[in-house]
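Novice: Going line by line, the protein sequences match chains L and D. For the numbering used here, count along the first sequence from 1 and bump the result up by 3. For the numbering used here, count along the second sequence from 1 and bump the result up by 3.
Hints may be right or wrong, so weigh each one.
Copies of the same chain look alike in the list, so a pair counts if it fits in one copy or across any two.
As the list claims (entries may be wrong) - Below, a list of computed lysine-lysine pairs in the DSS-like style, where the Cα atoms sit at most 25 Å apart: (1) Lys-7 - Lys-278; (2) Lys-239 - Lys-7; (3) Lys-96 - Lys-40; (4) Lys-7 - Lys-35; (5) Lys-82 - Lys-35; (6) Lys-133 - Lys-193; (7) Lys-132 - Lys-40; (8) Lys-193 - Lys-278; (9) Lys-51 - Lys-164; (10) Lys-40 - Lys-5; (11) Lys-185 - Lys-167; (12) Lys-40 - Lys-133; (13) Lys-80 - Lys-239; (14) Lys-51 - Lys-96; (15) Lys-254 - Lys-80; (16) Lys-5 - Lys-82; (17) Lys-132 - Lys-80; (18) Lys-239 - Lys-167; (19) Lys-35 - Lys-80; (20) Lys-96 - Lys-193; (21) Lys-5 - Lys-185; (22) Lys-40 - Lys-7; (23) Lys-278 - Lys-80.
These are computed hints drawn from the structure, not numbers from a lab. As the structure is a prediction and not an experimental result, all values here were calculated from the model.
Number of protein chains: 2
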Amino acid sequence: MKYKRSERLVFMTEYLTRRPNDLIPLTTFVNKFNQAKSSISEDIRILKEVFESEGIGLIQTTAGASGGVTFIPRISKGKAEQIVGHFSEELSKQNRLLPGGYLYMSDLVGNTRVMDEISGLIVTMYEDKKIDTVVTIATKGIPLAHAVARKLNVPVAVIRKDNKITEGSTVSVNYVSGSTRKIETMILAKRTLEDGARVLVVDDFLRAGGSISGVIRLMEEFQAEVVGVSVLVESKDIVDRVFTDYTSIAKVANIDEYNETFDVEPGNCLEFFNKG
Amino acid sequence: MKYKRSERLVFMTEYLTRRPNDLIPLTTFVNKFNQAKSSISEDIRILKEVFESEGIGLIQTTAGASGGVTFIPRISKGKAEQIVGHFSEELSKQNRLLPGGYLYMSDLVGNTRVMDEISGLIVTMYEDKKIDTVVTIATKGIPLAHAVARKLNVPVAVIRKDNKITEGSTVSVNYVSGSTRKIETMILAKRTLEDGARVLVVDDFLRAGGSISGVIRLMEEFQAEVVGVSVLVESKDIVDRVFTDYTSIAKVANIDEYNETFDVEPGNCLEFFNKG
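Chain L extracted, bound-state conformation:
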């Protein structure tokens, strides 16, 4: 079969966007379409232009024998503001407030479109950090961790608070929960992480930061390096945290259980995009 340029472009767009951060050898397309390398390179040039001008991401081409093309999802400042705005608006809905001043967020975490959009924002911030694994804590962080890992093309490791026989040998640390001051345990299967792995920690909610401090300690046991921490929502009402280097998509402040009100602000992630 002879493919026209228009047909090749449809195929290549679908192929590349389904494999973000994966080096695709040019020969994949040369062989598939039975075309000269120069025609395929011209196809990729068109793709690259559209991807960059439409803010879909970067198309990186690598020359040489082991060369090829990589799709790197990356969003613009405008798009980041739009995502943060949309998320903050959803988060502001009055009926989220639960007894105890907690926020109901399962619908947001369970919405694959929302997770997908926010993961685009997170990978843009951490794309150059050479991340090997996304680490999260069961259970609400898992959807975001997977959405992020999908775009980074790395695996997800899930830390649990209970020991399951299906994990094999595990490493555990005890930590003090920042909000309840209770001692809790965190467990990760030994074979989930390689020594020296560079990890991005992703979670749904950052209160006092006890659990994330626990994750950082657990990562030390694995000789892994935490190169970033990113959370969906942080509580602004808490001032002292053990660690301060993290990004957030939104902040929740002034939770007033009695009057059933709370405020939502953009998270600190926009600082990254404002820097340019």
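With chain L's structure known, arrange chain D on it following the hints.
Specialist: Frame of chain L; chain D shown alone:
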């Protein structure tokens, strides 16, 4: 800016594949590109041909004022066999066997590419079931549930075994675990599911089926209808299950803890693709 057909096709391919099962009005593209409807329709015809001949999925066009175009991910029999083969091969690795005859699968569940491929297989089987929500049980089912929900364009509801304050009001049922014969509890936040919802239940491992029977009972409390059950792996060594209507990607049989051996076979999902 004037877009050429090749550029429009790149944009439209990325736009549609990122929004599976979403009706996109033709006017979205007509306005974006400032082109006549006839040109856009011709673009879509090209896209449709490539998607169908390459087994990417269907492009459905709906006529009329509220008309538009929908990308429906659907894989072929050949692709399904390839996915099942690849997954079975990964699953066969000797070092998965844990004490107690359990299989280590966290690496597969944590691999976003594997989850993405398998979700394509699952949505092809359940695409015509008008699913409103994908339901799973924490924690290992969550990645597959999200991958499936992303392609169906529906939310995910996660059933937990512990009560968390962040869930608000919940509904719970007790059930007897098929393997341990212990009484356990399952909990789902009340506002996660609407009355009468049609749900697809997704999980990682099916042993005796106690937990999935629990899910079915819990769904009755929500007046929800279970229109399908799909699992990553089923244990073939178990003969009597409370329910028999489910699909699986792979089967594990003859687990021999002493000799550290087990067999892997394709799951029953291929029967769907063999029917045509």
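Novice: Give a verdict on every hint.
Specialist: Quick rundown of the hints versus the structure:
no., hint, verdict
1, Lys-7 - Lys-278, "neither (42 Å within a copy, 34 Å between copies)"
2, Lys-239 - Lys-7, "neither (55 Å within a copy, 48 Å between copies)"
3, Lys-96 - Lys-40, "neither (53 Å within a copy, 38 Å between copies)"
4, Lys-7 - Lys-35, "both (13 Å within a copy, 24 Å between copies)"
5, Lys-82 - Lys-35, "between (34 Å within a copy, 17 Å between copies)"
6, Lys-133 - Lys-193, "within (22 Å within a copy, 41 Å between copies)"
7, Lys-132 - Lys-40, "neither (32 Å within a copy, 44 Å between copies)"
8, Lys-193 - Lys-278, "neither (39 Å within a copy, 43 Å between copies)"
9, Lys-51 - Lys-164, "neither (44 Å within a copy, 47 Å between copies)"
10, Lys-40 - Lys-5, "within (15 Å within a copy, 27 Å between copies)"
11, Lys-185 - Lys-167, "both (22 Å within a copy, 15 Å between copies)"
12, Lys-40 - Lys-133, "neither (30 Å within a copy, 44 Å between copies)"
13, Lys-80 - Lys-239, "within (23 Å within a copy, 52 Å between copies)"
14, Lys-51 - Lys-96, "neither (39 Å within a copy, 40 Å between copies)"
15, Lys-254 - Lys-80, "within (19 Å within a copy, 47 Å between copies)"
16, Lys-5 - Lys-82, "between (38 Å within a copy, 22 Å between copies)"
17, Lys-132 - Lys-80, "within (19 Å within a copy, 40 Å between copies)"
18, Lys-239 - Lys-167, "between (34 Å within a copy, 22 Å between copies)"
19, Lys-35 - Lys-80, "between (36 Å within a copy, 20 Å between copies)"
20, Lys-96 - Lys-193, "between (41 Å within a copy, 17 Å between copies)"
21, Lys-5 - Lys-185, "neither (67 Å within a copy, 62 Å between copies)"
22, Lys-40 - Lys-7, "both (15 Å within a copy, 22 Å between copies)"
23, Lys-278 - Lys-80, "within (10 Å within a copy, 49 Å between copies)"
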